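Enquirer: Residue-level listing of the chains:
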Amino acid sequence: MSDKLIKIVRFIGLGFLEPVIRLSRGEETKKNLTDILKKIVAPLASILLFILLWQSGATALFNTEAEYRIEKAFNEQGQKAADEMAVCIESGEISCQPNTLPSPSQVNASFNSLLKDHKVISADKKAFKEKTAALNKQRIAEGKDPIVYTGRPSFVDQIITSIKTVFAGFLLAIFIAVPIGVVIGLSETLRSSINWLIQIFKPVSPVVWLLLVFMIVKTLTKDSDTDSSFIISFISVGLCSMWATLVNTVMGVSTVDKDILNVAKVLKLGPIQKVFKVILPSSLPLIFTGLRITLSVAWMVLIAIELLAQSPGLGSFVWEEFQNGANDSNSKIIVAMFVIGIIGFLLDRIMLTIQKFVSFNKD
Amino acid sequence: MALLSKNKRPDIITENGIEYTSKVMLDLQDLKKVYPTPKGDYVVLEHLNLQIMKEEFVTIIGHSGCGKTTMLSMIAGLNPISDGRISVLSTPIKGPGPDRGVIFQSPSLMPWLTTLENVMLGVRQVFPQAKKKQREDICKYYLSKVGLEGSFYKKASELSQGMQQRVGIARAFAIKPKVLLLDEPFGMLDSLTRGELQDVLIEIWNKEKITAVMITHDVDEAIFLADRVVMMTSGPRAKIGDILDIDFKRPRSRKAIIEHNDYYKYRKHLIDFLEH
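These protein sequence lines are chains H and C, in that order.
Taking this note's numbering, the leading residue of the first sequence gets 1, the next gets one more, and so forth.
Taking this note's numbering, the leading residue of the second sequence gets 1, the next gets one more, and so forth.
The set of hints was computed from the structure by calculation and includes no laboratory data.
Here the structure is a predicted model, which is why all the values come from computation and not from measurement.
Even glycine gets a Cβ: it sits at the ideal position worked out from N, Cα and C.
Check the hints yourself; a few may be wrong.
Here are the in silico distance ranges between beta carbons for each label pair [stated by the list, open to error]:
(1) SER160/C <-> PHE11/H: 20 to 30 Å
(2) GLY95/C <-> ILE198/H: 25 to 35 Å
(3) PRO251/C <-> GLY26/H: 50 to 60 Å
(4) SER234/C <-> LYS38/H: 52 to 62 Å
(5) THR353/H <-> GLY95/C: 40 to 50 Å
(6) PRO236/C <-> ASP257/H: 26 to 36 Å
(7) PHE11/H <-> TYR264/C: 53 to 63 Å
(8) ASN79/C <-> ILE198/H: 26 to 36 Å
(9) PRO236/C <-> PHE11/H: 48 to 58 Å
(10) ASP257/H <-> GLY95/C: 15 to 25 Å
(11) PRO179/H <-> HIS269/C: 52 to 62 Å
(12) GLU158/C <-> LYS258/H: 18 to 28 Å
(13) PRO179/H <-> ILE271/C: 48 to 58 Å
(14) SER160/C <-> LYS258/H: 21 to 31 Å
Next up, chain H with everything else stripped away, as it sits in the complex (with noise of 0.2 Å):
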């Protein structure tokens, strides 16, 4: 029973769970405290030690600013200025406080108010959607639009746009990068001849990647009035992450095992069986491979991609808070970073697992 879930705990990347498991059974006391202080101990030490770092860090770029300000005030008004202005500091009055790099707590403050504005909106929208719901089922009858509510969107709205864009760009390079690596890769002719093609957009940045797509979609959606910004962001995901699954899905399809394809002749299988039964399983494992390197890259893209094309993902609140100034903007941007971070962390995890699955030569 025990042992299935150690091995689910493995599985998934929390190994580190596993000595207080056995730990709780009693299995070799000393052996388990000793991996529960390297494995769960030392991590957490290093986290204390980051946030003590942080903090310092600062508490000293604080101080500076304050400084700077004291004497700025001294410098244009005089004594009296200055000292109204150590003492406005001193109480944490909003209006004259240092913009620097705001301190965890703050973040964490930051991050709270957060939680909380989404609270707020996510409660309005539903009011907006009870209070719209009959009169929208009218206008449906009547072959109406259905009144949609437009107002503001939350940290937690544009977290799940970014998840959502991501997919999307993350499908599209799936269903553009496979295919065409199987055809690329079973075929020399065409491996070399479509190389230089692949060689020369592969390190085109995402920024250049985002205008030509906004060429395109602009004059494609001239005529609709919908909104092209989802559009333009994760096809520009997907045509910068591609890359990597399509150079492995070559590499891979191109590397199967001789023997493994001398079977396969030997046996006659035609062409569809021979890329179905034997080249695409055998390829799996570095196409995930590409897949994982696609996703994270996409992840890492779209927020540059999203503050560009104004799509209403993290990136643009990003963005939008670097241009707001206002007294939390920092923290707040602070706040996506860590969000960005550990959601990407998480992509990451999930692949790797699906990738574990698929990979048939386990150790």
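Dock chain C against chain H, hints included.
Expert: Just chain C now, kept in the frame of chain H:
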């Protein structure tokens, strides 16, 4: 070219009459293999002639690099013929096909499939009309014959090298080929496993009597399994050096053969050839 080589050696067919030719399963005539290199052509095989009868087990022995594997892969159709021709039951071969089953040196199973699915892959190809149940029965029969009753649903990647090669044997027999080609199938195994697998192979072969051509480095293996041992000269321009008939009765037991007087005679003959 095929016509020419036929005209060149009509003697074999007319000399012994129809009865003789109908017994020939595999016929290599004036076989040649050339690999072009920057320094000029490298001739691996030349003027190679060999007739293998129905229900005959032939082992081929020779030094490494003499072109044994090249010859076998040409028979399998995996390697193009430079000159001469290869026919199975007087029909010249065209590329690879399931009438010539191959057991490769490495087991070459699809690691993502179960043992049953691995065997099934070929069986489905050869018996497309058969019902799924029938095909499964064929696969299970041969897998049991090689001693894998309990491993039908194990992934091929979970099996040991020796077990994998057993699947390879089952896979080759299950498609009921006319000729079985074995390219040093036990070369990668330890000697204990090798002995076991030789027994497995010869037992299933005694039942099926499929014409077999097997390459080996092992003199004892060559004698134990074969009706005839074909010795190849060292390359380049390798050809058949000598052929030794092994007259032990079948079914053979390893113990009885080792104790037989002729065994050492055969062994000396082969070793003399290889060492000269």
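Enquirer: Do the Cβ positions of PRO179/H and ILE271/C conform to the proposed distance bound of 48 to 58 Å?
Expert: Given about 57 Å between the Cβ atoms, the range holds.
Enquirer: Taking the beta carbons of SER160/C and PHE11/H, is their distance inside 20 to 30 Å?
Expert: Taking Cβ atoms as reference, SER160/C and PHE11/H lie about 25 Å apart, which means the hint holds.
Enquirer: Do the Cβ positions of GLU158/C and LYS258/H conform to the proposed distance bound of 18 to 28 Å?
Expert: Since the Cβ atoms of GLU158/C and LYS258/H sit about 23 Å apart, the hinted range of 18 to 28 Å holds.
Enquirer: So the hint says 50 to 60 Å: do the beta-carbon atoms of PRO251/C and GLY26/H match that?
Expert: holds, 59 Å
Enquirer: If I claimed the Cβ atoms of PRO179/H and HIS269/C lie 52 to 62 Å apart, would that claim hold in this structure?
Expert: holds, 59 Å
Enquirer: Does the hinted range 48 to 58 Å hold for PRO236/C and PHE11/H at CB?
Expert: Since the Cβ atoms of PRO236/C and PHE11/H sit about 55 Å apart, the hinted range of 48 to 58 Å holds.
Enquirer: Check the following: the C-beta atoms of GLY95/C and ILE198/H are separated by a distance inside 25 to 35 Å.
Expert: holds, 33 Å
Enquirer: Mind checking the hinted window 26 to 36 Å against the Cβ distance between PRO236/C and ASP257/H?
Expert: holds, 29 Å
Enquirer: Confirm or reject the claim that THR353/H and GLY95/C have a C-beta distance inside 40 to 50 Å.
Expert: holds, 43 Å
Enquirer: Is the hinted range of 52 to 62 Å satisfied by the C-beta distance from SER234/C to LYS38/H?
Expert: holds, 60 Å
Enquirer: Is the hinted range of 53 to 63 Å satisfied by the C-beta distance from PHE11/H to TYR264/C?
Expert: The hinted range 53 to 63 Å holds for PHE11/H and TYR264/C, with Cβ atoms some 58 Å apart.
Enquirer: When you take the CB atoms of SER160/C and LYS258/H, is the distance between them in 21 to 31 Å?
Expert: holds, 22 Å
The structure agrees with every numbered hint stated previously.
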